[in-house]
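In the order they appear, the protein sequences are chains A, B and C. So that you can map any letter, position 94 of the first sequence is 94 in the numbering used here, and since no number is skipped, the others follow by simple counting. So that you can map any letter, position 288 of the second sequence is 288 in the numbering used here, and since no number is skipped, the others follow by simple counting. So that you can map any letter, position 228 of the third sequence is 228 in the numbering used here, and since no number is skipped, the others follow by simple counting.
Wrong hints could be hidden among the right ones.
Pairs of lysine to aspartate or glutamate residues, derived as DMTMM-like cross-links and limited to a Cα-Cα distance of at most 20 Å, are as follows [claimed, not checked]:
id, chain 1, residue 1, chain 2, residue 2
1, B, Lys190, A, Glu98
2, C, Lys31, C, Asp349
3, C, Lys121, B, Glu151
To be clear, the hints were calculated from the coordinates, so they are not data collected in a lab. Only a predicted model underlies this, so the values are computations on that prediction, with no experimental measurement involved.
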Amino acid sequence: MNPQLFALAIFDGIAYAALVFLVAVGLTLIFGVLRVLNVAHGSFYAMGAYATASVGAAIFAAGYSPWLAFPLMLVAAVLVGVIVGGPIEKLLLSRIYEMEEVLQILVTFAVFMILEDVQRLIWGAQPFFEASALMALGNVEVFGITYTAYQLILLPAVAVSVLIGLRLFLRRTLSGKLILAVTEDREAATSIGINAERVYLVTFIVGASLAAFGGALASATTSVQPGMGADMIVLSFAVVATAGLGQIEGAALAALLIGLGRSFAIYLWPELEVLIPYLIMLLVLLIRPEGLFGKSRTRKI
Amino acid sequence: MQFNLRTVVPSLIVLAVAVLPLLAPTTQVLLTLALSKGLAVLGVIVLLQAGQVSFGHALFFGVSAYAAAFVGKGFGGGELFSMLAIGVVASLAISVVVGLFVVRYRHIFFGMLNLAVSMIFFSLLEKFYHVTGGSDGLSVARPLFLGIEMEREGFEMVLFYLVLVLALGAAWLTHRFLNSPIGNMMRTIKTNEVRLEYLGVSARNTLLVGYIVSAGLCGLGGALAAVAQGVVTPEYAWWIRSGEFVFIAILGGSGSVGGAFVGSLLYEAVRTYASAFAGDVWQMILGIVLLFVILFAPSGITGLFARLTGRKASPASEEAGQ
Amino acid sequence: MNGKRILASALTAALALGGSALAADKPAELKVGITAFLSGPASVFGEPAKAAADMIIADLNANGGIGGVPVTTYFVDEGAGGEALLAEYRRLVQDVGVDAMFASISSGNCNKIAPLAEDLKILNFMWDCGTQRILEESEYRYVYRTQANATPEMLATVLYLLKTQPDFKTIAVVNQDYAWGRDSWDIFLTALKAMKPDVEVVAEFFPKFGAPDFSTEISRLQALRPDVILSTSWGGDLDTFVKQAAQRGLTNTSVFVLPLAESSLQRLGSSLGAGHIVGGRGDHYFLHPEKRDDAAYTAFVEAFNEETGAYPIYPVFHISQAIAALKAAYEKAIEANGGEWPEREMVVDAMEGLTFAGLGRSVTIRADGQGIEDQLLGTTIVVDEYDFAVLDNMMIFDGDAITTPLGQTSADWLKTLTPEFVESVPADVFSH
Chain A
1 MNPQLFALAI FDGIAYAALV FLVAVGLTLI FGVLRVLNVA HGSFYAMGAY ATASVGAAIF
61 AAGYSPWLAF PLMLVAAVLV GVIVGGPIEK LLLSRIYEME EVLQILVTFA VFMILEDVQR
121 LIWGAQPFFE ASALMALGNV EVFGITYTAY QLILLPAVAV SVLIGLRLFL RRTLSGKLIL
181 AVTEDREAAT SIGINAERVY LVTFIVGASL AAFGGALASA TTSVQPGMGA DMIVLSFAVV
241 ATAGLGQIEG AALAALLIGL GRSFAIYLWP ELEVLIPYLI MLLVLLIRPE GLFGKSRTRK
301 I
Chain B
1 MQFNLRTVVP SLIVLAVAVL PLLAPTTQVL LTLALSKGLA VLGVIVLLQA GQVSFGHALF
61 FGVSAYAAAF VGKGFGGGEL FSMLAIGVVA SLAISVVVGL FVVRYRHIFF GMLNLAVSMI
121 FFSLLEKFYH VTGGSDGLSV ARPLFLGIEM EREGFEMVLF YLVLVLALGA AWLTHRFLNS
181 PIGNMMRTIK TNEVRLEYLG VSARNTLLVG YIVSAGLCGL GGALAAVAQG VVTPEYAWWI
241 RSGEFVFIAI LGGSGSVGGA FVGSLLYEAV RTYASAFAGD VWQMILGIVL LFVILFAPSG
301 ITGLFARLTG RKASPASEEA GQ
Chain C
1 MNGKRILASA LTAALALGGS ALAADKPAEL KVGITAFLSG PASVFGEPAK AAADMIIADL
61 NANGGIGGVP VTTYFVDEGA GGEALLAEYR RLVQDVGVDA MFASISSGNC NKIAPLAEDL
121 KILNFMWDCG TQRILEESEY RYVYRTQANA TPEMLATVLY LLKTQPDFKT IAVVNQDYAW
181 GRDSWDIFLT ALKAMKPDVE VVAEFFPKFG APDFSTEISR LQALRPDVIL STSWGGDLDT
241 FVKQAAQRGL TNTSVFVLPL AESSLQRLGS SLGAGHIVGG RGDHYFLHPE KRDDAAYTAF
301 VEAFNEETGA YPIYPVFHIS QAIAALKAAY EKAIEANGGE WPEREMVVDA MEGLTFAGLG
361 RSVTIRADGQ GIEDQLLGTT IVVDEYDFAV LDNMMIFDGD AITTPLGQTS ADWLKTLTPE
421 FVESVPADVF SH
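In isolation and in its complexed conformation, chain A is listed as follows (with noise of 0.2 Å):
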């Protein structure tokens, strides 16, 4: 492997990279404060990638400029969020905190169930293809292949903002560190007066987003089509276990090394290629039994 190929590899992983970290990250941040294991996540994900590239479609399709589409997937993004996590969290959700940790995992399996048949009805099995965005930013040429701008400025810009944007909020905004303060110590967070339900709602909300916005980014790259939500839970799972839960640094981390661990497997042995993911998250916990960025707890006696 020469010093280009390497590079482009180096380039390809952080691509990647970028998007299943922006993803991650939402379902990191639930858990974190939940302590609920979402697997609707990859719903949310699939349904932020719908919206962005159906309403995309009208509407260039109607004479609008492309550019119209980075404000489209942030609307996108918080509609989804608001409007399908928002009621999920408040109807479903609150009800079993303080259930079993199978039976949490288990109800957001069935919501995962439920809107994948939803988004059928919605959208139906033809897959959409809308990449106005990504064509609108044009191409850049590293070593003699060219990468869109998209994919090689764009989403690991997008991700770092999110990744610093997210920090900002949790430790500077009054919001933030009451979140902060409930992925802590729930119990004392509650104690001192903090509106916990509130807390759990806005999270959810906010990481209900996250998943939606990289959706919607992802819209532009590929196809949208059923089943694309129950893909990205799993490598989401393994990205989250391999950080860390909860931790946000860790994701990035964690989705660097799998998506740059993925991109070499496919220069030099491209059949390893999606065992990728299940191998690091293997060998990190294998070393670090709480993930890269966990810390272990107490036993109670």
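Following the hints, complete the assembly by docking chains B and C onto the known chain A.
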């Protein structure tokens, strides 16, 4: 009266399942598959006693099914009991290796690691296309039964009653296992693991035993399903399948061995008829059923039954319903 | 149309009332079960096929059905998984009592269903699946394929490639990682190596089924610059791959060979430019050069476009062939039975040697149950009338010449081909 209901209803269900294929022949294969899956669900229930939920138990279902398929292929059709035995042995062997690793983890990590291992197996099944047939899988020719070659109808009948007997036997043995000292120790892992260690018992070893037992049950179910289906595909080891096992365990009631079978019979019935009559929304129907069960009857159908008959809950079902 | 149907049923009723012994066995309806993907990624094939089946059968029933008997269909979703499919298949055969089954789209499902159909003694048309193995490896009485299989489909692609691009040196493949992707590459490569031994394979990629991103593969391909890139992918996977490749200019530097892209042309829109090779698993193309002036054909294409918002794609042709085969088989059996309604076994007897035509050229069933179907491929051009690429320099290959001879397996037969084979197979050439 109470005593009567408690024993009469389950006996009636077993009897109904036993005669249903005679009255409605098309239900036979469906019931065979449901009971095979029920065996795997029983495996998941064993681990649930220790409060651990695996999102990768389809691994053992798949390992055993493929082992049975290879035996069948390698020996020109194969013989039913040797296929089942080798399938179960294969899943036991894998479970020791995987188990030694995963029993060090609890809760989400336990679930996720099992998921990762099963997904690796799933990916390998798809990758090693020339050995495993890729996504098309391997066909499993109808094996001999105790050296006798049979037509489809006769064989399906024999297989159905064999599965029924095996399911009853496994249910009884699992019940005994869960009420043995080691079964009680597993429940302690759920309630207070450190206390167990203070007693000088290794929680990891206890969980490992439970893990191997549960993998064996999944393996038995997988090999039977492979023979009943006549084909094995990577789908056998997919994470959605693992999720289904957990789903059925909760649906039936994770506290009792009967729940595994009641749950899987109901699940297969809903799934089959929903996909036949509401092809567009069968997944949604299943999801809604699951939500209702969890929100309104978290101890599952068997728990509901126990409550209705006023039976004093056993320690196992009490915990599942908490 | 309604009036006609009423008249037809009145006529049937009158015949029945007449107590004629001839008509006594005639059923009130002919029941057909059809399995197709109505959910999951492969519903890009199932949905159009179902829409087409509904249209064709409504038309058939309006014109007297088959031998005076109207046809009723029962659809089964292949996307519900193998167990549900097999359970539903049995239910249709044993409880509903269907007269024939059309199953299925997925080769994996055909593998499961073929032995079951044989045991249940039900006439089964493998109406869309491609695997050549089922009929080559086992003998069936009840299982037939009403279209070609993967071997002629891939062989025709190799022939078209060698006839149009005789000087290419290097090839890369990007196929979906499942049985079809692997099998079709095996067949393609065996045939290619036999007819052009000096070709060099520079990369083989099998990204997983449903992969959302091919960026890394595309970077790698840009570095390798192969003359030809083959992909037998379909549906969303193919769309994603071609669009991502087009966005990054890969479609300008390599010739893409896409044997299933006929089913994606409209969705690909302007992404797929001129100069790439496209096939449609048979002589299936909405502007079929021999049919595009046929009034009934164009009327169907327009009606289908009206109904579904898209032009017909190859599964539509395949389902039309299965329906045509059923009609032809019953008519042949009725004739052999002196005009009386035939027993089911007689219909099965009628299958061998049966010739029928759906929307494309006619197909003949040979002794092993395999249909002999011609293959159409073309090269994309961009024209003003359509906002997506259409086909030019189309060649239709004769099915007899490119189908594995009876009694041989594809793997063995393909190895016996020589470079001279390319010239020996005639092709009818058409322009857009």
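Is the Cα-Cα distance between C/Lys31 and C/Asp349 20 Å or less? Holds, at roughly 19 Å.
Next pair to validate is B/Lys190 with A/Glu98; report whether the Cα-Cα distance is within 20 Å. holds (16 Å)
Hinted pair C/Lys121 and B/Glu151, Cα distance within 20 Å: Judged against 20 Å, a Cα distance of about 13 Å means the pair holds.
Violated hints for the displayed structure: none, as all numbered hints are satisfied.
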